Structures are given as C-alpha cells and as structure tokens.
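Participant: Each chain is listed here by its residues.
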Amino acid sequence: MSTIRVEHLTKHFGPKRAVDDVSFTVSTGEVLGFLGPNGAGKSTTMRMVTGFIPPTSGRVWIGGHDMWENPIPAKRLIGYLPENAPAYTDMTVYGFLSFVAELRGLRGQARKQAVHRVVELCFLESVLHQSVETLSKGYRHRTCLAQALLHDPPVLVLDEPTDGLDPNQKHEVRTLIRRMGEKKAIIFSTHILEEVDAACTRAIIIDRGRIVANGTPAELRARSELAGAVTLQIRRVAAAEVSRRLYQVPGVKRVSILEEQEDRVRARVFPAQPGINGTFTRAVGEAVQGWVLEELRVEEGRLDEVFRSITMPDTVRETS
Amino acid sequence: MNNIWAVVKRELSGYFASPVAYVYIVIFLLLSGFFTFMVGGFFERGEASLTAFFLWHPWFYLFLVPAVGMRLWAEERRVGTLELLLTMPITAWQAIVGKFFASWLFLGLALALTFPLVITVNYLGDPDNGVIFAAYCGSFLMAGAYLAITCMTSALTRNQVISFILAVVICLFLVLAGFPPVTNLLARWSAPLVELVASFSFITHFDAFQKGMLDTRDVVYFLSVMVLALFSTSVILRSLRAG
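Order-wise, the sequence lines are chains A and B. According to the working numbering, the first sequence is numbered sequentially starting from 1. According to the working numbering, the second sequence is numbered sequentially starting from 1001.
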C-alpha cells in the first residue's frame, strides 16, 4: 500500500506555476529522493504534502487520509523537517523537543522516553540544556530533525536534511535515513547527487515544477549518454587507427579520444542506444583484438550528467 | 484543549526565558505608579478610590499591550517556525487561541501585580472594593481587546516593529473615538454620529467598569472585538499560506 499518494498537484503563485501537475506515490520501505535545481518546486511540493500550504489543485493522501479534508489524522502520521530547520530560538533543546512531543500527543513517561530516544539518535546530549539560539548550524539542524522523529512517524518528509552539516554529520544523517527507510516511507529533497546513491531507493527529478524523471538510481544513470560506453587504453597504436577501427563497431554512435601520449591512447566508444548492453561490449572487445590493451571498462553512467542533461537541455556538454 | 494548553505553556516559557518579561513587568508597574501618583493626583483627590489608577489604562495600554503581542506571529514568520507549528496535528485556531491566551495571562499577571495599590487605598480609607474589582475586570478585558488587535497586526508582517506601529495606530483610533475632545468636536458637527462613533471606543466601554458596573453590553463589546480580531488573524494566516 502506498503511504504517500500525490495526484496532479499544482500550485500557482500569482501567474507563476511553481508546481505543475506532480503525481507520485511512496510506499513503506521506500526512500524517495527529490532532486532538482534551486527553485524547481521541491520545497513547495513538500509544503503541500505536509499540509502547510494548500494546493491550487490536486490531492494529497497520507496513509489514506486526505490532507485537505482530514488534516489532523494525516499530519499525525508525518514527521517534517522544513527547509532551513527552523526551531524556537528562545527555548532550550530539551524544552523545544518536549513542546513538540506534547503537540504530538505524548505525555508523561512516554514523552520523556521519546525525547530521550531522539536525543540519542541525533547526538544532542551535549547541548540538551543549551538555548537553541546559541547552537551551531549543525546542531540546530539536528535538533529540528530530532523533532521530526519524536513520535516515530510512518511518514518522513525531510527538506534538505543534510544542508549545512559537515561531511561526517552528512554521512550519519544519510545512514540514519537509509536505516529508517526500511520501515517508513520517506521523501527527502537534496541537490547533492551522491546522496541519491547513498540513501535512496528511488529518485524523482523535478524541474520548473514538473517531474522530468522518476526511477531507481540505476535506471536514471542508464539514461546518461555515458551509460554502456566502453573506455579503453591501448599501447602502440596511433589514435587515428584506433578511431577508425572503433567506428566500425556495429551500434556505435561516437568515438572520442580522451588522451593521447607517445605510445598510449585512451578512447571511449559510445553506443547509439545508451545503457549497458552485452552485445555492444562484446563487439568492442572483438574490434580491439590484437592490440595491447591496458584498460577496458564499461561505464555505468553518471547521475550528474543525467541531471544536467535533463534540467539544462540547451547546455549539455560531453563529459570526458 | 491539550494542544491549546501546550501552546500557552510554550509562549509563557518564551516570555520568561529572557529578562524581557521581568523588565516589562517592572516598566508596567513603574508607569502605572507614575500615572497614578504624579499625573493622576492620587493623594490630592482625597478619596479612597483607584480612579486615578484606572483612568490612564486606555492610554498606557496603547503602547504596553502591542509591546507584548507584536512578536506573537511576526517572530514565527521571521524564524520560519510557523511552518513547523502549522504542520503539527493541531488546528490553526488552536494555535491562535493558545498564543493569545498566553499573552493575555501575562498581561493579567502584570495587572495583578498592581495589588499594592488596592492594599494602599484600603489602608488609607474605606474604598468600595466592588468598584475596584469591576474596574480590574474591565481593565483585563480591555487589555485582551488591545492584544487581539496586536495579534492580528502581528500576523500581517514578519517585522515586529511594523506590527507594533500598526497595532498602536488601530488602537489609537479605537481610543480616540470616545475621547472627550474628539467627541466634543464631532458633537458640533453631527450629534447622532457621536454616539455611533463613540460606541466603537474602548474608553466608552471601559467607563462603566470604572464606575463599578459590570454591564453585559460592555463585556460583549470587548469579547466581540477579541473574537473578530482573532478571526481576522486566522484569515490572514490562511491567505498567507495560500500564497
């Protein structure tokens, strides 16, 4: 069963279409990465999913509850980390977490236990009785993340959860997301592509308010021009000869010489149909028989290239 | 109800987390003392009543109440916690009422701390404590009306100073509408209009309380100002979210 269901979500701000007909579902056990350039509509979509802003049209269901007709039960199921991790600056970390726990309906012993659990999970012991105002950005971020986890929600919506964290903290948060993703439905937005590989089971690329790609990280990578390309390094053969012979491989789109030294050539053969393809790889292997091969590698494709070619179609460049 | 109470507790702890609340109470007490004894001529009146004290309330609430309420929503908007608060499983109305009650209780506390004045008049003479009680009730209700208007202006902006100024301006209109120099001016122009305009004023409705009368009409007036202003707050917040 899909825990988050979004159908034809559209949001206008005046004449501007911030989100345009976005539909997707996330089931328990899935971690959905939300990718897109700044201003693509990621945060606006998340704000509609969490019920902060009403959509111009379209619907959001959280665990079967319609967010606009039945917001309270829907909101109960969600833990939300808004963009920039806001928190009440005039409270201590403990006070803030207790307050949120109370709004989440946790009382007495249950509340204490919940606060204790998230404090441990997010490494907040050392700042527990410090005012939120005096926290560094990393701690403030984790305080707000802790707030989202208090009631152990089945749905997590995290807007740039690793923003402003140092590399170690980023790693911890990604690990946490991946671990929690086994039992929850999670949406998180990012513009760091390596996070998609590190934490997501599926990714959506959104650009100018529209979904332009939706698939597993491997599927998205396969859309890269690089996917299935074969990179070779050969000794004692002239570049022109390498190029000539590789162009005769069936199904070839293009051959590019990456590097040329006195007695060594690096070349890359691109298939006409991107994607890893055994026939093409074997054909390249046959074509180079008799040469002194130093390297032969099949490229998986790169997410950043897919991202760029999808979100900036006019300026797509060849990646070397 | 639990949610409202959680919001009330948070807001109150927010006031007392910084020295601002204590400074505010001290200023409140100093100002009310100054007006009562120096400007109001408490001793010169030669009567055992708190008229000299309550007389000034519509005027010093004009600045002191917006100072308490200006941060209520403006700060939430500036820091971004509004998004957090309104995605919790509570209704916007619960949040609005909770925040309002917290500030109102705070004002009530400041007002209650003027109790030495009551002791003083009782020591010096034999005042009508019923009148004093009525006036305190009226003053508290009036503070609530000022506060609700401040709530509304606070939701309009992320800047506390702007919300303060807007609240002062709106409240000033509501005070002046019943201020004798203004009503006299209007009376020369059109008599029926005076009554209509004055009926919108805080001063007109507070007068009865000062005389010791708990008139339902005055109570309803202050309560309806509060409900109307808080309802406007919810409309403003809703349109804010809709973008």
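The hints are simulated quantities; they were obtained by calculation from the structure and are not laboratory data. None of the values given here were measured: they were computed from a predicted structure. Glycine included, C-beta positions come from ideal geometry on N, C-alpha and C. Please note: incorrect hints may appear among the correct ones.
Claimed, not checked - DEER-style ranges, computed between Cβ atoms:
{"no.": "1", "chain 1": "A", "residue 1": "T25", "chain 2": "B", "residue 2": "V1227", "range": "48 to 54 Å"}
{"no.": "2", "chain 1": "B", "residue 1": "A1242", "chain 2": "A", "residue 2": "Y247", "range": "38 to 44 Å"}
{"no.": "3", "chain 1": "A", "residue 1": "T25", "chain 2": "B", "residue 2": "G1080", "range": "49 to 55 Å"}
{"no.": "4", "chain 1": "B", "residue 1": "G1033", "chain 2": "A", "residue 2": "S126", "range": "43 to 49 Å"}
{"no.": "5", "chain 1": "A", "residue 1": "G164", "chain 2": "B", "residue 2": "V1026", "range": "24 to 30 Å"}
{"no.": "6", "chain 1": "A", "residue 1": "H116", "chain 2": "B", "residue 2": "K1211", "range": "56 to 62 Å"}
{"no.": "7", "chain 1": "A", "residue 1": "L121", "chain 2": "B", "residue 2": "Y1022", "range": "33 to 39 Å"}
{"no.": "8", "chain 1": "B", "residue 1": "G1125", "chain 2": "A", "residue 2": "H116", "range": "57 to 63 Å"}
{"no.": "9", "chain 1": "B", "residue 1": "G1125", "chain 2": "A", "residue 2": "Y94", "range": "25 to 31 Å"}
{"no.": "10", "chain 1": "B", "residue 1": "A1112", "chain 2": "A", "residue 2": "Y94", "range": "47 to 53 Å"}
{"no.": "11", "chain 1": "B", "residue 1": "D1128", "chain 2": "A", "residue 2": "H116", "range": "54 to 60 Å"}
{"no.": "12", "chain 1": "A", "residue 1": "S309", "chain 2": "B", "residue 2": "L1240", "range": "52 to 58 Å"}
{"no.": "13", "chain 1": "A", "residue 1": "S136", "chain 2": "B", "residue 2": "A1242", "range": "34 to 40 Å"}
{"no.": "14", "chain 1": "B", "residue 1": "P1116", "chain 2": "A", "residue 2": "T134", "range": "53 to 59 Å"}
What the hints assert, rightly or not - Sample of chain A residues at the chain B side, in silico, Cβ under 7 Å:
{"no.": "15", "residue": "G51"}
{"no.": "16", "residue": "F52"}
{"no.": "17", "residue": "R76"}
{"no.": "18", "residue": "P82"}
{"no.": "19", "residue": "P86"}
{"no.": "20", "residue": "L103"}
{"no.": "21", "residue": "P167"}
{"no.": "22", "residue": "N168"}
{"no.": "23", "residue": "W291"}
Participant: Compare the structure with each hint and give your call.
Facilitator: Hints, one by one, checked against the model:
1. A/T25 with B/V1227: 48 to 54 Å: violated, 42 Å
2. B/A1242 with A/Y247: 38 to 44 Å: violated, 59 Å
3. A/T25 with B/G1080: 49 to 55 Å: violated, 28 Å
4. B/G1033 with A/S126: 43 to 49 Å: Given a distance of about 46 Å, which is inside 43 to 49 Å, the answer is holds.
5. A/G164 with B/V1026: 24 to 30 Å: 39 Å Cβ-Cβ, so the 24 to 30 Å window is violated.
6. A/H116 with B/K1211: 56 to 62 Å: Given a distance of about 57 Å, which is inside 56 to 62 Å, the answer is holds.
7. A/L121 with B/Y1022: 33 to 39 Å: holds, 36 Å
8. B/G1125 with A/H116: 57 to 63 Å: Given about 59 Å between the Cβ atoms, the range holds.
9. B/G1125 with A/Y94: 25 to 31 Å: violated, 51 Å
10. B/A1112 with A/Y94: 47 to 53 Å: violated, 30 Å
11. B/D1128 with A/H116: 54 to 60 Å: holds, 56 Å
12. A/S309 with B/L1240: 52 to 58 Å: Violated: the Cβ-Cβ distance is about 38 Å, outside 52 to 58 Å.
13. A/S136 with B/A1242: 34 to 40 Å: holds, 35 Å
14. B/P1116 with A/T134: 53 to 59 Å: With a Cβ separation near 38 Å, B/P1116 and A/T134 fall outside 53 to 59 Å, so the hint is violated.
15. G51: At about 6 Å, which falls below the 7 Å cut-off, the nearest Cβ of chain B leaves the hint on A/G51 intact, so it holds.
16. F52: holds, 5 Å
17. R76: holds, 4 Å
18. P82: Cβ of A/P82 sits 4 Å from chain B, so the hint holds.
19. P86: holds, 3 Å
20. L103: holds, 5 Å
21. P167: violated, 25 Å
22. N168: violated, 26 Å
23. W291: violated, 61 Å
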